[in-house]
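> Sequence:
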Amino acid sequence: MKLLSLCIPTYNRSESLKYTLESLVQDPAFNGNEALEVVISDNASTDDTAQVAKKYAEAFPGRIRYHRNPENIHDRNFFVALSLGTGEFLKLHNDTLVFLEGALAKLLRELELARKEGWTPFLLNGAWNRKGERAVCRSKQEFLEAVSFYTTWIGGLFIKRNDLELLENFSRRSETKLQQVDVLFRLFSERQVTMVVLNKQFVNVQHPSTRGGYSLAQVFLKNYEGILKEHFDPVRDQKILKKEMHRVLYFHVLPWVFQSRNSETVNYETGDFEPTVRDLFSVKELVLVRLALIYLTWKRFLYLRYKQFRGFAKVLLGLKRRKLE
896 MKLLSLCIPT YNRSESLKYT LESLVQDPAF NGNEALEVVI SDNASTDDTA
946 QVAKKYAEAF PGRIRYHRNP ENIHDRNFFV ALSLGTGEFL KLHNDTLVFL
996 EGALAKLLRE LELARKEGWT PFLLNGAWNR KGERAVCRSK QEFLEAVSFY
1046 TTWIGGLFIK RNDLELLENF SRRSETKLQQ VDVLFRLFSE RQVTMVVLNK
1096 QFVNVQHPST RGGYSLAQVF LKNYEGILKE HFDPVRDQKI LKKEMHRVLY
1146 FHVLPWVFQS RNSETVNYET GDFEPTVRDL FSVKELVLVR LALIYLTWKR
1196 FLYLRYKQFR GFAKVLLGLK RRKLE
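Numbered by this note's numbering, the letters in the sequence shown go through residues 896 to 1220 in order.
Some hints could be false.
When the alpha-carbon atoms are kept at most 25 Å apart in a straight line, the in silico PhoX-like pairs for lysine-lysine are as follows [to be verified]:
#1 K897 with K1001
#2 K913 with K897
#3 K1095 with K1124
#4 K1117 with K1137
Between beta-carbon pairs, the in silico distance windows are [to be verified]:
#5 K1134 with H1102: 44 to 50 Å
#6 L1197 with L1008: 34 to 40 Å
#7 L1061 with K1137: 30 to 36 Å
No lab work stands behind these hints, which were simulated from the structure alone. Backbone N, C-alpha and C define an ideal beta-carbon position, used for all residues, glycine too.
Work out the full structure, taking the sequences as your base and the hints as a guide.
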């Protein structure tokens, strides 16, 4: 059995996929390493994803495999991608991820340690700037405190093959766009796993040309809260839940709402943001959120004016130098 399967669900991002695959096959840790495989699950793409994936699958038979769904099954493709893997550890791997130099070899060493200790890894990827190489979490409360809303990032999820086979209805929360969060907490309650959070950065993310297409408030506030309430006791874990909802509001949703309203390339739906904050939190919280948005707007305004002034100053200095010459 292979040690690791990188399981890539993809849809209509052939250029990103090509870059991700090319970086993998050029990595010394991939070449000649039979412990690693790559599986691609194409969600019925309409671009040239099939041609790109088949090219690499043919060039690396047995190391890279390609599967195409007959139709777009949306987030249920995560399970399909994982189920295609044959490794002891299966990792959901975005089609936009590129390993840092030496990071793939380091990850394989971490997996050897996880195998020895009986851990299931989670890739935090330097998001919280936590101290230490890793943090061992033996309860879902410890895990949520360690990784917070980064449970929503599919690129962090590892699952052992035997746990995937025994976990019923993997995609039961696929309509929320957060089935990965549900799965992570089910691993604690149903499979009694011990998670090891890998704190350091292993991958860079290629940013797609556009982002969006769904409501931030619906997914990361309403749906996220709903999943948390399924897995945590509302009385015993009240402080944990309250802290987490404030973290996701201020450190994740609010910045993306601001970008969506001020960027041509970020197009999330934000019309329901303020009403959702009022309903899930309080009127007081809504006032604080609006003040934060005003602050960010002024900060952006001043930054843009600073850039304009700097550009104007450079022009003036250039003209002055010419006169002196």
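> Each hint needs a verdict: does it hold in this structure or not?
Here is how each hint holds up against the structure:
no., hint, in the structure
1, K897 with K1001, "holds, 16 Å"
2, K913 with K897, "holds, 23 Å"
3, K1095 with K1124, "violated, 29 Å"
4, K1117 with K1137, "holds, 13 Å"
5, K1134 with H1102: 44 to 50 Å, "violated, 35 Å"
6, L1197 with L1008: 34 to 40 Å, "violated, 48 Å"
7, L1061 with K1137: 30 to 36 Å, "holds, 33 Å"
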